[in-house]
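Which chain is which? The protein sequence lines are A and B, in order.
With full-length UniProt numbering as the guide, the letters of the first sequence map in order to residues 1 to 425.
With full-length UniProt numbering as the guide, the letters of the second sequence map in order to residues 1 to 316.
Honestly, the hints are just simulated from the structure, not real lab data.
C-beta: ideal position from N, C-alpha, C; glycine also.
Misleading hints may appear alongside valid ones.
[As the list claims (entries may be wrong)] To be clear about the criterion: a stretch of chain B counts as covered by chain A if any three or more of its residues have a C-beta under 8 Å from a C-beta of chain A, and this derived list gives those stretches: (1) 162-169; (2) 252-266.
[Claimed, not checked] Label-pair distances were calculated between CB atoms; the ranges are: (3) F173(B) - N56(A): 43 to 49 Å; (4) Y46(B) - A322(A): 45 to 51 Å; (5) R415(A) - G77(B): 20 to 26 Å; (6) A142(B) - E218(A): 23 to 29 Å.
[Unchecked claim] With a straight-line Cα cutoff of 27 Å, these simulated DSS-like cross-link-like pairs (lysine-lysine) come out: (7) K42(A) - K149(B); (8) K149(B) - K286(A); (9) K42(A) - K329(A); (10) K319(A) - K63(A).
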Amino acid sequence: MVASVALLTSALAGCGDDSSEPSAGGPAQFSGRGPITLATGKDTTGTIQGQLGRWNREHPDEKVTLVELPESADQQRQQFIQNAQTESDAYTVLNLDPIWVAEFAASQWIDALPAKEFPLDKMLPAVVKTGEYFGKQYAIPFNTNAGLLFYRKDLLDKAGVQPPTTWDEMKDACAKVAKLPEGKSVDCYAGQFAKYEGLTVNFAEAVASAGGTIVDAEGNATVNTDAAGKGLQFLADGFKDGTFPEESATYQEEDGRRAFQAGNLLFHRQWPYQWALANAEDGSSKVAGKFGVAPLPGLDGPGKSSLGGLDLAVSKFAKNKATALDFIKFFSNEANARTNLKVNSSAPPYAGLYDDPALRRQFPYLATLKESLNTAVPRPVVVRYGDATAAIQESAAAAQSGSKSVGAALADMQRNLSAAIAEKK
Amino acid sequence: MSLLTRARPGHTASRPPRASRRAGTGRLAGVLLSPTLIVLGLVVGYPVLAAFRLSFIVSSESIDPQTGFKVTATSYGLDNFEAVFTGDRFLRPWWNTTSFALASVAIEVLIGVAMALVMHQAFRGRALVRAAILVPWAIPTAISGLLWKWIFNSQGVANELLGANVLWSSEGFQAWLSVVIADTWKTAPFVGLLVLAGLQLIPGELYEAAKVDGAPPWYGFWHITLPLVRPALVVAVLFRLLDVLRMFDLPYLLVGPRKHSVETLSMIAFEEMSNLRFGTAAAYATVLFLYIAVVAFSFVKLFGADLIGRGTRSPQ
Chain A
1 MVASVALLTS ALAGCGDDSS EPSAGGPAQF SGRGPITLAT GKDTTGTIQG
51 QLGRWNREHP DEKVTLVELP ESADQQRQQF IQNAQTESDA YTVLNLDPIW
101 VAEFAASQWI DALPAKEFPL DKMLPAVVKT GEYFGKQYAI PFNTNAGLLF
151 YRKDLLDKAG VQPPTTWDEM KDACAKVAKL PEGKSVDCYA GQFAKYEGLT
201 VNFAEAVASA GGTIVDAEGN ATVNTDAAGK GLQFLADGFK DGTFPEESAT
251 YQEEDGRRAF QAGNLLFHRQ WPYQWALANA EDGSSKVAGK FGVAPLPGLD
301 GPGKSSLGGL DLAVSKFAKN KATALDFIKF FSNEANARTN LKVNSSAPPY
351 AGLYDDPALR RQFPYLATLK ESLNTAVPRP VVVRYGDATA AIQESAAAAQ
401 SGSKSVGAAL ADMQRNLSAA IAEKK
Chain B
1 MSLLTRARPG HTASRPPRAS RRAGTGRLAG VLLSPTLIVL GLVVGYPVLA
51 AFRLSFIVSS ESIDPQTGFK VTATSYGLDN FEAVFTGDRF LRPWWNTTSF
101 ALASVAIEVL IGVAMALVMH QAFRGRALVR AAILVPWAIP TAISGLLWKW
151 IFNSQGVANE LLGANVLWSS EGFQAWLSVV IADTWKTAPF VGLLVLAGLQ
201 LIPGELYEAA KVDGAPPWYG FWHITLPLVR PALVVAVLFR LLDVLRMFDL
251 PYLLVGPRKH SVETLSMIAF EEMSNLRFGT AAAYATVLFL YIAVVAFSFV
301 KLFGADLIGR GTRSPQ
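So that you can see chain B by itself, here it is in the shape it has in the complex:
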């Protein structure tokens, strides 16, 4: 409709009716987007709502003493959430989840930025270095989990190199550390890649001007590189944060299920599910979902990550 209106010859001289054109574009956008929205609603919205509903379903089981058959009674209530928040089955995995996020994201940012600075330099064999740095990120987590499991085996390479006999896959700080190491190895390149993209947008004249003004090299990094690369860095950190908070596969494969030093909230949700307690599993998953949402929201508020592409704000 609106397209036709615009094309009408009589209207070319006068200004087009802005409001109606916008409304028309909006409607068109709505029509064009609706398949996507419907699909998203089905594959994202419905499971979230269904799991939310499931987390309120409380089922109790007993065995019929005559037949040995399981008798299940279900009702609605808050018992699943009560089960989540009472006992030591929340704090420890919650702290594991959070400490993984804090530690590995911090190390990944340091290493990732260093990697980006190296990849950004012009030198012979730069393409090779870039490819080599990105290899760990291209390996599926499940595979790298297995690789590191072998490295951290009691007779593995890590102990060989350290000349020690550390039992990485038993309970303790070393198990936690092995997950952080493996996660850093795998995802620092991802941070590096995003930061590199940011670096390549910085015009070289800025550094030249700084040089002409006699500024020392660290000044260029601190006052030009960091502020200008910030938007890219913030996005990278946000992505990594969300990724680590839901971490499941790496600790599960590398150290194993039910190891309290590395057990994350996702692992508990999975464990509950495989023991057919779908209500508690859904409650754990819902709590984790809300936790991640809160962390993401506060992060965006604090650091102003430009996720919806309103354009990069110019640095001061």
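Next up, chain A with everything else stripped away, as it sits in the complex:
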């Protein structure tokens, strides 16, 4: 019983005053200078601390302290929300997953930023859009991410096929490779198909690659359409006809990466981080030097990727916001983005870096990544994103496992998404 009390307590801890605030709507005031904090997920690479050190040496009176949050995105969101609900000034600058921006902006937990003061025109337009809500810039891209098609170059070369640009070409390539003696035990394609956020990403990509949308420009759910149906059909058929290995229904990023590195997958939809790990020469990867990357395939031509990444925002309840604004300018500038790419290969928001010859030599996938980012689509911008992603995962998983037809799954998804978007009665 004590434990269920603990659960109740934690429910309470997240809950502050429920009363609504009258919407102010006016431009936020960025005044006050002094020490601030940067709240971000765990600094696993140690690069953030180094960059803060540089800022702190130059601004001894406006020092930035790093507040490290847990590695898991869900736990980060929880801490951000707790901080906002208690209107605490403990976090000044927030490093947000782009899917949270709408919720945080709508709840008035973050301030609209003066977009003109940032070099947004130098950044990839799709990435800049992730920080927008209701026509205002609420967050500035810190880094970005898009899915790529990793393929076994050695096997495709042997079968004499080019990297595919459509789903049908991909299935043909698989059929040809399967006839090779080396291709016997190699499965065709896998993405992140387990029932979690990764499935939302993969579903969104399938729909966008078939020419559909999940949410239209007015913010209405649009999944019960032919195009979206073709996208989901690709995911459902893949399991039915054996294009996707059965176990990929439980794959998250790392499961698929292990399968690809063990040489069990011909094609793998994955974030760029797999590049360095799959190329490791220490014996952990059987495919080092044997693979290439291409943009994701689609229905009639190249597909579209979902966007990942991180955006910087200013907490509404923070002090010293003038310093915060300056710090974001420094922290998200091109030089820092370059360092982050070099040190931990995180994709920069700046278009120019993708064409830098030195960087291209070091990261041969940059050209492909830029291509993917240029056409990438953000995941649906929904204030109640938690409900929206749950609705998507629910129906997509049901269609994949065959427990619901594609049509019925999309009808359910449409209904649940609309409910998540509409006002809650």
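Starting from the known structure of chain A, arrange chain B on it as the hints suggest.
For chain B alone, coordinates are given in the frame of chain A:
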């Protein structure tokens, strides 16, 4: 006061005034216990009451079409409880919660008693066996959840051993089973430990007497061990029952959130809370709290668990 009264020399011959002494002791006990009671009231009582109140707060949200800001209106009502009990979002998690409790507690009792009987035997290396049996229980649930997640991975040890390709972490009976297996592995030692404590209180003469009377060995287990170990066993089962009914971390880590075959009531309460529907979350938590309270009460009534330490009733 009472202490002074007792110490007064004139009263030593006559019997001390019983009632007043008791009242005095009671007052002293009250004073000594009050810090504990206050702390308990703050950390247990207040959250329970506050969550109960919260479960009646109904909030509706809408987006201001001009600014895009969220507008929240709150009122009091029973809507949250209505939301809990309508639709399929109650029965399935309720049945998961209950079936986990029934299945894993039953298996844990069988294995736990067997473990206790083994640990109770005198043999070489007994200390080692005892330590080995207790290791799973010493591992935090979150860690053992991750360990089992690896074991039940599609390329994991479980599939390797079975020579099959079972997708443990996808929807279905196998996901439910994986939670029961992991929970049993983790907590059967706990049952074993409590039963062992009970076993060690049974005097050896009883078994000797049975032997002298020519009773077969199973007779000793059925008519001496089980009845005498019952009080300890009942406490163990009650603890386990309460523990499983509120289970959250093991299915959440092992199989994942929103998997309907393993979703428990605690997981739904958590899910509602992380989507900022604190009212419904509190309603779910309140319903779960009441359910656990009813189960605990009926269990104590039925089996007479000696929780408040009135002393073990002698077996017939």
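Checked hints:
Counting residues of the segment 162-169 of chain B whose CB lies closer than 8 Å to any CB of chain A gives 4, so the stated coverage by that chain holds, three being the minimum. Requiring three or more residues with a Cβ within less than 8 Å of a Cβ of chain A, the coverage given for the segment 252-266 of chain B holds, as 5 such residues are present. Range check, F173(B) to N56(A): about 56 Å between beta-carbon atoms, so the 43 to 49 Å window is missed. The given range of 45 to 51 Å is broken by Y46(B) and A322(A), whose C-beta atoms sit roughly 40 Å from each other.
Between R415(A) and G77(B), the C-beta spacing of about 25 Å keeps the proposed range 20 to 26 Å intact. The beta-carbon spacing between A142(B) and E218(A), approximately 43 Å, falls outside the hinted interval of 23 to 29 Å. Restraint check: the Cα-Cα separation between K42(A) and K149(B) comes to about 23 Å, which is no more than 27 Å; the hinted pair holds. Proposed proximity of K149(B) and K286(A) is supported: the alpha carbons are some 25 Å apart, at most 27 Å.
A distance of roughly 21 Å separates the Cα atoms of K42(A) and K329(A); the hinted pair therefore holds under the 27 Å criterion. A C-alpha spacing of about 13 Å is found between K319(A) and K63(A), which places the hinted pair at or below 27 Å, so the restraint holds.
Comparing the model with each earlier hint shows violations of hints 3, 4 and 6; every other hint is respected.
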